[in-house]
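S.K.: Residue numbers (my numbering), protein chains in the order written: chain A, 1 to 285; chain Y, 1001 to 1404.
Since the hints were made in silico from the structure, they are not lab data.
Capping the alpha-carbon separation at 25 Å, the derived lysine-lysine pairs in DSS-like fashion look like this: (1) Y:K1094 with A:K46; (2) Y:K1067 with Y:K1034; (3) Y:K1399 with A:K46; (4) Y:K1399 with A:K251; (5) Y:K1227 with A:K251; (6) Y:K1120 with A:K251; (7) Y:K1404 with A:K251; (8) A:K251 with Y:K1094.
These numbers were taken from a predicted model, which means no experiment stands behind them.
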Amino acid sequence: MKSKSRYIGLALFLLIGLLPFGLALVYALLYSFGIVGIANDGFTTKFWQQVLVEDTFVQSMLYSIVISILSVVFSVGIAMLIAIKYVSKLEKPFMSFVSYLPLCMPGIVVAFFLIQILSEAGWISRLAYSIGLIDQLQSFPSLVNDSLAIGIIVAFVSVVMPFFLLLFISVYRQERLDELAHVASSLGASPLQIAIKIKIPILLHRTRMIIILYFIFLLGAYEIPLILGQESPQMISVMVVRELNQYDLTKISEGYVVAVMYTILISLLTLVVFSYHRSKTVSHA
Amino acid sequence: MLRFVGFVLLLLSLSACKREKAVQNIDLLATDWKEIELQAKGSTVHFMMWQGSPAINSYMNDFLIPKVKELYDIELKLVGGQGPEIVQLVMSEKQAGSNSGQVDMSWINGETFFQLRQIKGLWGPFVESLPNSQLIDFENPHISIDFQQPINYMECPWSITQFAMVHDLKKTPNPPANLSDLEVWIAENPGQFTISNDFSGMTLLKSFFAEISGDKDGLNGAFDEQKYNRLSGQLWKWINRNKKNFWKEGETFPKEQTKMDQLYANGELSLCYGFGEGSIDDKIRQGLFPNTTRVYPWKNGTIRNSNYLGIHYNASNKAGAMVVINYMISPEAQLRKIDPSGMDANTVLDIDKLSDDWKVKFENREKRKYGATIEELAAYAIQEPDPQYMIRLYEDFRKEVIEK
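Extracted from the complex, chain A is given alone in its bound form (with noise of 0.2 Å):
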């Protein structure tokens, strides 16, 4: 009975998982080769190897692992530094509800809201002349849809730092860090020593393969980056959508060989993080 229900959950799984995801990855690359498409003459690798000449999407792909790494770094880092430092007053309630509050927060409110504060005509800008520290709005620093993508991070950090706060506040008790903590503590360790050697180490280690799928999760964010980002390059999943919808329908195959060559990077990625992930586990079993 037990390995019958096995298999319907593992049927199930191919069947709403996989089998969609399977076919739509199969229809794009037949689009990819031309032979699938009204505006298609048949196969074809012409859209293969004008993707491949030009470096749109290395450029951004190369752009996109960059914020996201950036993202994940100060996301993890801020998360962190709080978690360590303020464990105890966190789980008051209604710090706990702040805390909780931005993980409400859909991307696409957090962009504009990142418009209204930090845009050139931003409530911080506003605030800078009024105050005279800019002459006029023009002169304050691009903060969104800028070339730093520094409104991308700054998006990215407060939708994702919350959940990592959360995270690491859970794993902190589950550890009984305190406890360790007191212990190294007793034994003549700083507190600087306890939580470089004993706590990040451990709340890092428990949380790493979660790190990881966040970063692959960034890596593909469309709304965030369509709203504060620039035109050129682009974050993957805008410049896959922009392929797609482009005015020229005899290049819509294009956008497909963009997306099959990114679809194919992020499965190789998940698939080594996995098994280093398993074999990492079966050898500590």
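With chain A fixed as given, assemble chain Y onto it according to the hints.
M.R.: What follows is chain Y alone, placed relative to chain A:
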């Protein structure tokens, strides 16, 4: 288990029969109008349109939908979607060989018409069969020619509009109206001008293009590769020379018109532009634009075009779509549509072809308070150039300007 599978298969076959019934096989184009109205009675029409404007949504929901229900017993259902979504939908349905589409009719502009024609996604020619089409002046090239392609009655004109420049009387009393003045102006006012990377921005570039060609009608006729290369070279040079003085020093460009409007509204930009003769009245009324905002013509001219209604090649309810479209170009519906406090869109009807009482109503209509009328901009009207210009402008604006 087998019984369950059998039940599911039965349901599927029944639903297939139902869909099949919806597909009409009679020749609607040769059918008497009364018969078409009769066939449309009690049916549902799915209309895909851009739903980003509260004024347009209000016109549809508060006026058109109840009217077609009352007059023809037609249930009009709106489906959100514009250009690329419409084209993607039709492409997918063609790919799947679907004879019974999800959507019956769409609101389209020149670029979508061009794309739908490429994939034979439209049904027709149906426009001549609509009784109210007699009231439209198809001799007007801004109506009968869309992106240099004759519409051939494959799409029905719904509104006509002209692109116009927008400025603030208080901030910019003497706005630039040609490229050399604009160059001087943006050097003196850095960061206050930009080109959106969308349909509106490309339309502005077409005006610049025509100006560089030295003639208002310099882009008329079929696409000319040599002409394009010569003019675009000069245009990219002009933009790249000046983009350091654009918004955000030309490092990025707004993605779309709504972003341009926001930037103008919050004071970052001092010059703006758009179709609907600038489309400023509703934004002033909403308090988005300052009430000192005005519209002005670009000296060499700006694009004037029409937007249209098309019936999908696989529409399930072509008769219903024809009846709805016929009502949408009726004097009653068109008069309501030009209300400046509502949709504020110009009529495609030829006033001279209307009966006297409708003529009076149109002539006595409420006028715009802030924006220019299409008649005032008539001397500056340019026809939409061949679609190839648009394709190349989109591609090359990215390659030659954005990515440089």
